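Trainee: Residue-level listing of the chains:
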Amino acid sequence: MEQEVLIAGIGGQGIQLVGKTLALAATLAGRHAMLAADYGGEMRGGPSQATVVVGDAPLRALPIVPAVGAALVMHDRFVGAVPERLRKGGLLLVNSSVVDVDAERAARYAYFELPAIELARELGAPAAAGLVMLGAFARLSGVVELERLVEAMRSLLPPYREQHAAGNATALEAGWAAGADRSATAAAG
Amino acid sequence: MSSSAATSGLELLEGSTAIARAAITAGCRFFAGYPMSPFTGLLESMARLLPGSGGVCINAQSEIEGVNMALGASAAGARAATGSCGQGIALMQEAIAETALNETPLVIFNMARNQQDYFQCTRGGGWGDYRTLTLAPKDIPEAVEHTQLLFHLADRHRIPTILYGDPLIAQTRIGVRIDPLELPPLPAKDWALDGSRGGTGHSRQIWTWAMGKATDPGPGPDRHWQAIAEKFERIGAVEQRSEGFGLDGAETVVVAFGSAAKFTAHVIEELRDAGHSIGHFRPITLWPFPGEALARATEHARRVLVFELNAGQMLDDVRQHAADRSAVLPIGGVSIHESGLSYGPLLDVPVIRERILAAMRGRRRLAARAGLSAGSRG
Amino acid sequence: MSEVIATDRPPEGAADRVAEFRPSLIVGEHSLCPGCGEPVALRILLETLQELGIVERAIGVVGHGCYGSFVRIMDVDVLQCLHGRAPACATGIKRVQPAAAVFTLQGDGDMVSEGLAEVLHAAARGENITCILLNNGVFGDTGGQQTATTVLGQRTKTSLDGRDPVSHGHPIRIADIVAGIDGVGYVARGTVGTARGVARTKRMVRSALETQLAGKGFSLVEILTMCPTGWFVGAPQGPDYMEQSMARAYAPGELRVSLGDER
Ligand SMILES: Cc1ncc(C[n+]2csc(CCOP(=O)(O)OP(=O)(O)O)c2C)c(N)n1
Ligand code: SF4
Ligand SMILES: [Mg+2]
Chain A
1 MEQEVLIAGI
11 GGQGIQLVGK
21 TLALAATLAG
31 RHAMLAADYG
41 GEMRGGPSQA
51 TVVVGDAPLR
61 ALPIVPAVGA
71 ALVMHDRFVG
81 AVPERLRKGG
91 LLLVNSSVVD
101 VDAERAARYA
111 YFELPAIELA
121 RELGAPAAAG
131 LVMLGAFARL
141 SGVVELERLV
151 EAMRSLLPPY
161 REQHAAGNAT
171 ALEAGWAAGA
181 DRSATAAAG
Chain B
1 MSSSAATSGL
11 ELLEGSTAIA
21 RAAITAGCRF
31 FAGYPMSPFT
41 GLLESMARLL
51 PGSGGVCINA
61 QSEIEGVNMA
71 LGASAAGARA
81 ATGSCGQGIA
91 LMQEAIAETA
101 LNETPLVIFN
111 MARNQQDYFQ
121 CTRGGGWGDY
131 RTLTLAPKDI
141 PEAVEHTQLL
151 FHLADRHRIP
161 TILYGDPLIA
171 QTRIGVRIDP
181 LELPPLPAKD
191 WALDGSRGGT
201 GHSRQIWTWA
211 MGKATDPGPG
221 PDRHWQAIAE
231 KFERIGAVEQ
241 RSEGFGLDGA
251 ETVVVAFGSA
261 AKFTAHVIEE
271 LRDAGHSIGH
281 FRPITLWPFP
291 GEALARATEH
301 ARRVLVFELN
311 AGQMLDDVRQ
321 HAADRSAVLP
331 IGGVSIHESG
341 LSYGPLLDVP
351 VIRERILAAM
361 RGRRRLAARA
371 GLSAGSRG
Chain C
1 MSEVIATDRP
11 PEGAADRVAE
21 FRPSLIVGEH
31 SLCPGCGEPV
41 ALRILLETLQ
51 ELGIVERAIG
61 VVGHGCYGSF
71 VRIMDVDVLQ
81 CLHGRAPACA
91 TGIKRVQPAA
101 AVFTLQGDGD
111 MVSEGLAEVL
121 HAAARGENIT
131 CILLNNGVFG
141 DTGGQQTATT
151 VLGQRTKTSL
161 DGRDPVSHGH
171 PIRIADIVAG
181 IDGVGYVARG
191 TVGTARGVAR
201 TKRMVRSALE
211 TQLAGKGFSL
221 VEILTMCPTG
231 WFVGAPQGPD
241 YMEQSMARAY
251 APGELRVSLG
261 DER
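Chains as they are written, first to last, in the numbering used here: chain A, 1 to 189; chain B, 1 to 378; chain C, 1 to 263.
With the rest of the complex left out, here is chain A (with noise of 0.2 angstroms):
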C-alpha cells in the first residue's frame, strides 16, 4: 500500500519543509518515499504545496500525484482546491486557527482539525505549526514514528537555524501527542 498525503498552505509556512521532513523520516525509517517536485515557488503569501508518497517496495506513484489518501491543509485560501485531489473518505486534517470547514463537507471525509498556530504559539515555537499539524498526521496516519520525525528535522535544519531545533522537537511531539487522542482533533460538528 502507498500512502500518499497532500500538504497545502501560504508560502512562508514552511510547506516545503514539512514535506522535506515526512519525506526524509520515511526514508529514514527505511520506507519509499517521494516528494513531488512543486513549481509555484515559495514565494510569502503564494500557494505552496507538497506531496509526499510513502510505500514499501518501489513506488508506483506517478511523480504528478493525481489523486492522494490524505491531505494536511494549514491555510484556507487553497483549502478549497483539495477537494479535487482527496479521495473520499481519505483523511482531511485542518489546521482550524485559520482554516474553517463546513460540516457537509467534513463528513466526506475521515475528518480532524487541530488548531496548529495557537498550540505553536503556547509552546513558544511560533514558526512551527507546520510540524505540529506533520506530528498530529504522523500519529494519525501512522506512516511514520515521532524519532523518525525528530531525526528528519534535526538533519534538514542548516546550521544556522540549528537553535530552533528544540522547539520543533517540541512541536513535533506537541502534534504526536495531539493526534493520539482521535476523539479530540475530531470535529465536533
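Don't take each hint at face value.
[As the list claims (entries may be wrong)] Here chain B is said to cover these stretches of chain C; the calculated rule only asks that three of the stretch's residues, wherever they fall, bring their Cβ under 8 angstroms from a Cβ of chain B:
1) 23-31
2) 56-65
3) 70-83
4) 112-121
5) 165-171
Honestly, the hints are just simulated from the structure, not real lab data.
Keep in mind it's a predicted model, so treat the numbers as computed, not measured.
Don't be surprised by glycine CBs; every beta carbon is placed ideally from N, CA and C.
Following the hints, position chains B and C with the ligands against chain A.
Mentor: Quick look at chains B and C with the ligands alone, frame taken from chain A:
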C-alpha cells in the same frame, strides 16, 4: 544515518543530486555548465560534490564556454560532462558536432523543460554526419543507471551522448540508491593529449579533419568522415534499447518516452485490467530509435498511438518503423506549465486515459477514412 | 629533443640548406603565403618550449585561421578546437592536467572577434594558461575581411574605403583590456616585423610561459604578424606596412608583469 535506512540503502535525494552522484560514481571528474532551469540543480550538485571527489566543476559564463571546457577536459583524458536544457543545448551544437567528428567522448545532460527537444537530441543539431546517442529515463532510479551507462558508451564509441531528462526527473525527491553499474572494461585512452609524445615525431592530435602530422599523416577528412558515418551506422544497429508490455497481439499499442511513458504505462495497466487489448512500447534510446523492436511490437496492431508532449516529433520515427504507418496516430500535443518551466495539464492520467479511449472509439471511422489496410487486417 | 647549434666555436662547415635551421619541433613545410608573419611566431613559440624543457608536457589548442594548418607541422600534442573557443578548451585541459604547459594559438579574428568572451573570462578566472594571439588585423584565412582589431583607415574586403569608426566601429586593444583584469599574470605585445621585434617577442613568450609554470595566472602575448595577402601589399612591403599601421595603433611592450624579483 539510521540503521533501517542503512539496510534499505535508500537516500532521499533530489533527482539532480542523484544524477550528480551517479556521474561521479561513473568517474566523471570534470563538469562545466551555465545555469538554466531545470538544469541548474545538477550544476549546483556538481559544484557541491565534485571537488570532494577529486574533480573540478566550473560555473561557465555561457553554454558555449561550458561545452568547450568539457571538450578540452575530455581531450585531456578525463571523463567530462556538461548540460543545460533546450535553449542552452542549442548554443552547444557546434561543439557537440565537433566532439562527434573529432571523437572526443562527452556526456551532455539535457534537463529539458518538456519533450520539445526530441528532434534536437536525435537529429544532430550541428553539422556533419553524426548522431547523438540519447537515453531517455522514465524516472530517477533509471536516470541513475543511464547516467553511468552514458559515460561508458561515450568512451566506448568516442561519441557525445545525451541524457534526456526533464523537470520531474530533476526536481522530484525520492528514496534512491546509487549503485555502481557493472560495465565491461574499456581500453586505455591512448589518444588523449598529455604532451608526453612531444618531439618524438608522434605527438598526438585531436582534429576533426584528421589530417595528422607531416611525419605521421592521418586519414584526412574524406576517409575520416566516412569512417565516422560508418561508426554511427554500427552504433545505430547495436545500441537500440526499448521495453514494453502487453504487446503480444495487442490491438492498440501506445508509444511514449521519458517521464511521459511512466504515465502512459500507468494508464495502460489500468486499461488492460479492464480487459482492453492494449500494449505499451517505450523507446529507451531515442537515437538509435528502436525501430526493429517497434516493428515487431506493432505487427498485429490496428492502431499505434503516439503520446508525446510536443507537436509530433517522435511521431516521425514511429511512422518510419511501425508495421503499418497509416495506423499511427498522435494523441499528445504541446502542453506547458504556466511557469514555462515544466509540463502542462496534458501530462495527467485522466487526460491520457481519455485520449487513448477516444482514439480506440474512433478506430472504425479512422480506418474507413484511411480506406486502406483495415479490411485486410480483419 | 632540440638539436642545439653550438655558437661558441666556428661552424664545422657551411650550411648546405637554409631549411636546416628550422627547429626540430617543426616537422614539415608550412603552406602559408610568402612574407606571412605567422610562421615566425610559431617558430618563436616552439623554440621557447624547447628552451624551457617543457615539450613533453606541452599541450596546444589551436583555433581557426591560417595558423590552423600548423597543427600538421608542430610536433607537440594539439587539440584543433572550434573558432574562438581555445581558452575554454585550454581551461578544461589545464584543470584536469595541472602539470601540463597549456597554450593557445589564435588569430585576431579567432580571439577578438569570435572568441572575445572566452578569452576575457579565462583571464578573469586567472586560468593558468598562456594565450598567443597572432594579430594581423584581418581574417587572413577567409581572404582579408575586417576583424575586431582592424586599425582605423585600413582597407579590407568588408571596409573597402578603409575602416571608418562611424560605420565600422573602433578596433579593440585586447591586450590592454586583459592587462587590466585581476587574475592576469602577464600580458605583453610584440611584433615579428623586425629582427629586434622577434628577439623581444621571444622573451615575452618565455615570460608568459614562465608565469604559467610558476602558477601566477593567465598570460597573453599578442604578436603583431604581417599578412601581406590580406593587406593587399607585396610580401617585401609587409614589415614596413605593419610598422606604419598596426604597430602605431598597438604599441609593443610589456603591459602587465607579475613575476618580479624571483626571476
Ligand atoms: C564558427 C566559425 N565561423 C567562421 C569560420 C571561418 N573562419 C575560418 S578562419 C577565419 C578567420 C580567422 O581569422 P584570424 O583568427 O584572424 O586568423 P588569420 O587567418 O588572420 O591568421 C574564419 C572566419 C569558422 N571556421 N568557424
Ligand atoms: S593570408 Fe595572411 S595570414 Fe594567411 S597565410 Fe597569407 S599572409 Fe599569412
Ligand atoms: Mg587575423
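Trainee: Count residues of the segment 112-121 of chain C with a Cβ under 8 angstroms from any Cβ of chain B, then say if the count reaches three.
Mentor: It holds, with 3 qualifying residues against the three required.
Trainee: Is the coverage entry for the segment 23-31 of chain C by chain B consistent with the three-residue Cβ rule at 8 angstroms?
Mentor: holds (count 5)
Trainee: Establish whether the coverage given for the segment 165-171 of chain C by chain B is satisfied; the threshold is a Cβ-Cβ distance below 8 angstroms, and no fewer than three residues must meet it.
Mentor: With 0 residues close enough to chain B, the hint is violated.
Trainee: Count the residues of the segment 70-83 of chain C with a beta-carbon closer than 8 angstroms to any beta-carbon of chain B: does the count reach three?
Mentor: Since three or more residues must qualify, the claim that chain B covers the segment 70-83 of chain C holds, with 12 doing so at under 8 angstroms.
Trainee: In terms of beta carbon proximity below 8 angstroms, does the segment 56-65 of chain C have 3 or more residues touching chain B?
Mentor: holds (count 5)
When held up to the earlier numbered hints, the structure conflicts with hint 5 and nothing else.
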